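In order, the protein sequence lines correspond to chains A and D.
The numbering of the first sequence is my numbering, which starts it at 1 and goes up by one.
The numbering of the second sequence is my numbering, which starts it at 1 and goes up by one.
Note that these hints are calculated values from the structure, not bench results.
Incorrect hints may have been included.
Quick look at which bits of chain D chain A covers, simulated, 3 or more residues with Cβ under 8 Å [to be verified]:
1. 9-23
2. 180-193
3. 414-424
4. 595-606
Below are the DSS-like pairs computed for lysine-lysine, each with C-alpha atoms no more than 27 Å apart in a straight line [unchecked claim]:
5. D/Lys-72 <-> D/Lys-59
6. A/Lys-200 <-> D/Lys-337
7. D/Lys-208 <-> D/Lys-224
8. D/Lys-403 <-> D/Lys-336
9. A/Lys-74 <-> D/Lys-329
10. D/Lys-336 <-> A/Lys-264
11. A/Lys-264 <-> D/Lys-403
12. D/Lys-146 <-> A/Lys-87
13. D/Lys-146 <-> A/Lys-200
14. D/Lys-294 <-> A/Lys-200
15. D/Lys-294 <-> D/Lys-223
These figures come from a predicted structure and were not determined experimentally.
A virtual CB, placed ideally from N, CA and C, is assigned to each residue, including glycine.
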Amino acid sequence: MQSFQELILRLSEFWAAQGCVLQQPYDLEVGAGTMHPDTFLRSLGPEPWNVAYVQPSRRPADARYGENPFRLGKHYQFQVILKPAPKEVQRLYIDSLEALGIDLEVHDLRFEEDNWEAPTLGAWGVGWQVMLDGMEITQFTYFQQAGGMDLAPISAELTYGLERITMFLGLSRSVYDIDWVPGGVDYGQVRHQDELEFSKYYFELADVDFLRQQFDGFERESQSCLEQGVVLPAYEFALKCSHAFNVLDSRGAVSVTERVELIKRVRNLAVACAEAFVESREQLGFPLLEAGAKRHA
Amino acid sequence: MPDSEFLLEVRCEEIPARMLEPAIRQLASRLFEQLLASNVAPGEVQTGFTPRRLMVLLKGVPEREPDRAEVKMGPPVAAAFDQAGKPTAAATGFAKKCGIRVEDLERVENEKGEYVVAEHKIEGRPTIDVLSQVVPQILRDLDWAKTMRWGSGDGPWVRPVHSLIALFGGNVVPFELFGVTSGDSTAGHPVLSPQDFAVKGGSDYRRKMSRRGIEVRFEARKKKLLEQMNEAADGLGGELVEDAALLAKLASICGIPGVIVGRFDPTFLTLPREVLITSLRDHQSAFTLESDGKLLSCFLTVMDRPDDPAGSVQAGNEWVVEARLADAKFFYEEDKKTSLADRRAGLDQLVFHARLGSYADKTARITQLSEVLCQALGWEKEQEAVAQAAELLKLDLTTEMVKEFTSLQGVMGGIYAREEGLPEPVWQAIYDQYLPASTDDPIPRSPEGQLTAIADRVDTLVGIFGLGLIPTGSRDPFGLRRAAQAVVRILLEGDLSIDLDLVAAQAVLLYGDRLEKSGEEILTSLRPFFHDRVRYLLGLEGYDYDSIEAALAVGSSSLPDLRSRVDALHSVRQESDFLAVVLAAKRIANIIKEAPEQTLREDLLKEEAEKNLYRASRQLRSEIEAAEAAGDYESGFRHIAEFADVLDDFFVKVLVMDENRDLRFNRIALLQSIHRTISRAARLTEIVVDKAELRGRNTDMQVD
Chain A
1 MQSFQELILR LSEFWAAQGC VLQQPYDLEV GAGTMHPDTF LRSLGPEPWN VAYVQPSRRP
61 ADARYGENPF RLGKHYQFQV ILKPAPKEVQ RLYIDSLEAL GIDLEVHDLR FEEDNWEAPT
121 LGAWGVGWQV MLDGMEITQF TYFQQAGGMD LAPISAELTY GLERITMFLG LSRSVYDIDW
181 VPGGVDYGQV RHQDELEFSK YYFELADVDF LRQQFDGFER ESQSCLEQGV VLPAYEFALK
241 CSHAFNVLDS RGAVSVTERV ELIKRVRNLA VACAEAFVES REQLGFPLLE AGAKRHA
Chain D
1 MPDSEFLLEV RCEEIPARML EPAIRQLASR LFEQLLASNV APGEVQTGFT PRRLMVLLKG
61 VPEREPDRAE VKMGPPVAAA FDQAGKPTAA ATGFAKKCGI RVEDLERVEN EKGEYVVAEH
121 KIEGRPTIDV LSQVVPQILR DLDWAKTMRW GSGDGPWVRP VHSLIALFGG NVVPFELFGV
181 TSGDSTAGHP VLSPQDFAVK GGSDYRRKMS RRGIEVRFEA RKKKLLEQMN EAADGLGGEL
241 VEDAALLAKL ASICGIPGVI VGRFDPTFLT LPREVLITSL RDHQSAFTLE SDGKLLSCFL
301 TVMDRPDDPA GSVQAGNEWV VEARLADAKF FYEEDKKTSL ADRRAGLDQL VFHARLGSYA
361 DKTARITQLS EVLCQALGWE KEQEAVAQAA ELLKLDLTTE MVKEFTSLQG VMGGIYAREE
421 GLPEPVWQAI YDQYLPASTD DPIPRSPEGQ LTAIADRVDT LVGIFGLGLI PTGSRDPFGL
481 RRAAQAVVRI LLEGDLSIDL DLVAAQAVLL YGDRLEKSGE EILTSLRPFF HDRVRYLLGL
541 EGYDYDSIEA ALAVGSSSLP DLRSRVDALH SVRQESDFLA VVLAAKRIAN IIKEAPEQTL
601 REDLLKEEAE KNLYRASRQL RSEIEAAEAA GDYESGFRHI AEFADVLDDF FVKVLVMDEN
661 RDLRFNRIAL LQSIHRTISR AARLTEIVVD KAELRGRNTD MQVD
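Required output: the full structure, derived from the provided sequences and hints.
Now the structure itself:
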């Protein structure tokens with residue numbers, strides 16, 4: 001059986017060999033690898049960018065006190081961005097599965113329509129959920145818009161669900177049973193306490209007033225950073241807003257109309273950051289354009 | 001002219017299953033139209049597709065456009081030649097412009113006089129040139145539900161394009177699309193046969209695809225899948241639970257039609273049948289099997305490969321299904337912990353429409369409206385079940401199962417109600433409330449279900465119309481056309497004599513002050529909306545549109561009654577006597593059009609023919625009233641037909657517009673009264689008469 005960490009190692013190795021920057025997780029709470037600035041911001045503008053990293057992704061509403069064998073409040077995504085998406089990106093993706101030891105000669109691989117949309121980021125893309133023997137193992141997206149802006153060139157985003165793939169390869173009945181270390185510590189031993197305690201926090205303990213104040217404060221901080229011309233800190237505070245919102249939501253503290261309002265506020269920050277980021281890169285003369293040209297020369 | 005075949009294949013990344021069929025249909029028909037416009041239409045059109053390719057094969061395409069002559073008008077002959085008959089500067093200039101010699105100019109005569117013309121022969125282009133021009137344009141312009149861009153901004157198209165085969169008579173039709181150049185090669189399955197290969201033409205393409213296990217023709221693929229699945233079902237001692245839409249979807253998601261048999265833990269069979277079928281269909285695109293009406297613990301789905309040599313495809317699918325069913329079972333058991341009645345509080349939180357209130361508000365309205373409907377129909381014994389069903393109708397929206405599978409709304413509430421031991425008419429009404437959702441669906445099976453289904457939809461229609469959100473064009477976000485059609489179908493098929501106007505007016509009142517439009521405005525816009533559905537549905541039943549119009553024009557307070565009238569018209573309208581009366585009716589309508597209402601005085605009837613007409617019309621009225629009282633519209637119309645001769649006689653012998661004012665007004669009064677009599681069941685003037693139909697009748701009657 002393939003272990004969780006072997007999966008990470010093999011994917012890292014494969015994509016590093018394709019010339020990707022092997023990045024590390026963003027050190028904040030985010031809902032998906034897409035929110036990492038190395039995806040969201042770098043997919044904007046004309047500069048080429050290839051990156052791969054693991055991103056622990058928090059979805060408070062999916063937390064299940066460590067009792068549900070399939071659902072987690074935090075799961076790990078392996079995220080790849082290829083910008084511009086090479087013509088043979090599907091072929092590369094298939095090769096990456098083979099690098100994981102999946103013998104496609106005996107499996108059924110299909111690409112089923114699944115379009116991605118992130119209202120809080122003003123972003124959407126077109127693509128598929130990749131199905132291996134009837135199981136969704138990857139989200140494959142061609143980004144079309146981010147921060148409300150049309151993208152050119154187009155990035156391909158590959159998001160591997162690491163727990164799912166590991167479970168599936170071993171046909172495990174519970175995520176907590178998969179090996180983290182080959183034949184050693186398992187996923188439950190690493191993560192179960194985390195799932196249990198955070199479920200308790202998200203659903204029962206989180207202080208709603210405190211979180212609302214945080215949301216407001218983070219929003220102000222983000223706006224003031226933007227005014228001072230520092231876009232990366234501004235974006236960090238937008239991410240913090242987003243997480244505060246997710247926790248409020250899982251706590252059941254957000255009404256239908258307030259929900260729309262809060263999403264709009266996060267979206268406004270994300271859109272402003274996106275615009276400011278493109279401007280800041282432009283002022284730097286889009287340095288990666290030149291670097292790309294140099295490398296190819 | 002020799003002809004050739006044209007093979008086109010676009011190979012791209014996976015096209016969404018739902019878009020494939022419409023796309024290939026559009027591609028084939030646009031190609032055909034374009035070639036037809038160039039007078040090189042193909043003799044035969046074949047199409048095919050898989051998720052990764054669109055294929056069109058045109059056979060019997062002429063190799064060249066036919067030559068054609070173009071005629072250009074020049075100056076008048078008088079200006080083109082001088083008195084000596086020699087060409088003037090105008091003629092030589094014109095000939096030069098047209099590129100012909102002046103002596104080759106011809107002459108034509110038209111209504112303005114005689115002109116010189118230049119006949120210019122245009123040689124037809126080779127078809128391959130036509131194709132290289134129109135094909136890339138057609139491909140680029142295909143309509144897709146959603147498009148994308150890729151790479152440095154190529155597109156927009158549905159997915160990135162990888163290769164193009166365009167062969168006409170074995171030669172490549174040269175063009176470029178999104179940076180891809182047309183050629184003669186393609187590739188097989190991305191994992192099993194990814195190498196490029198070249199083809200010579202249509203049959204070579206088919207042969208080489210089939211060598212790779214790929215069936216490009218959709219219908220053939222569907223057939224193969226169905227055969228394999230039936231065979232597998234046989235082996236398992238069951239049969240497929242039929243689902244044409246699912247079969248089409250499965251055939252759209254593979255190029256190689258392979259079938260996978262899976263099994264699941266039989267303890268899941270304790271789940272309701274509907275839940276198992278829906279979970280397997282929605283989550284795994286899988287067919288369920290049944291034997292003697294009982295589901296078996298296995299499923300069938302497809303893989304895009306011919307076989308499962310390591311058993312891994314089966315094992316994978318079973319693993320996913322097991323997890324999905326475990327989820328469903330969890331939801332089901334959680335749901336059953338709270339009875340439907342105890343879920344009421346949840347409806348307060350559930351918004352029906354921001355301006356129309358919550359589902360709790362909607363439930364209160366449906367309950368009251370149902371009660372009104374029961375009274376209107378004179379239903380007593382049904383009333384209790386209707387009230388109970390109405391109150392529980394929407395409660396399943398708060399269940400986990402419906403949140404997971406929205407398509408099970410209504411059905412789930414029905415199942416939970418049945419398991420709680422509620423009376424049959426109650427659970428069935430809840431179960432059937434969204435029927436009919438499509439043209440193939442039946443209407444709710446019980447009168448109670450029909451009634452609550454109507455109340456629910458009329459409430460929605462009135463509410464949304466009341467906000468001024470009337471559907472326009474293809475925009476109908478609330479599904480109001482479908483809702484109105486369901487109401488009309490239920491009334492017609494359930495034979496329910498309910499006045500829709502009255503129900504809608506009641507529904508308006510129940511909204512209190514939530515609506516923005518007045519009751520009158522709502523009814524005025526809703527009435528034609530319903531009438532459009534009536535026209536459509538009765539049209540589907542085969543009735544002529546003018547029969548429907550004629551019946552609608554005199555009222556539609558009860559739809560079953562309306563249909564009886566249309567049906568009766570349909571039976572008699574071919575008869576020449578009846579058509580003669582229709583013509584007379586048009587004539588009468590014309591005469592009395594502007595006239596104020598007159599009072600008939602028997603003593604002023606002078607001529608024999610008008611006295612006859614008067615007597616006959618009195619008799620006709622009592623005959624029609626008797627026939628209508630018996631609900632027999634057909635004999636009513638037949639009596640009208642019998643009226644033809646006496647009407648004929650009247651118009652031949654009597655002048656309505658007599659000089660004498662009293663006589664004139666009295667005759668108009670007579671016609672007014674006849675008009676009322678013959679227009680009770682249908683406005684006959686709406687009927688379109690083809691005069692040829694009347695030829696058999698010996699009459700000198702004319703249409704005014």
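Query raised in the report: Of the hints given before, which are not true for this structure?
Result: 3, 4, 5, 10, 13, 14
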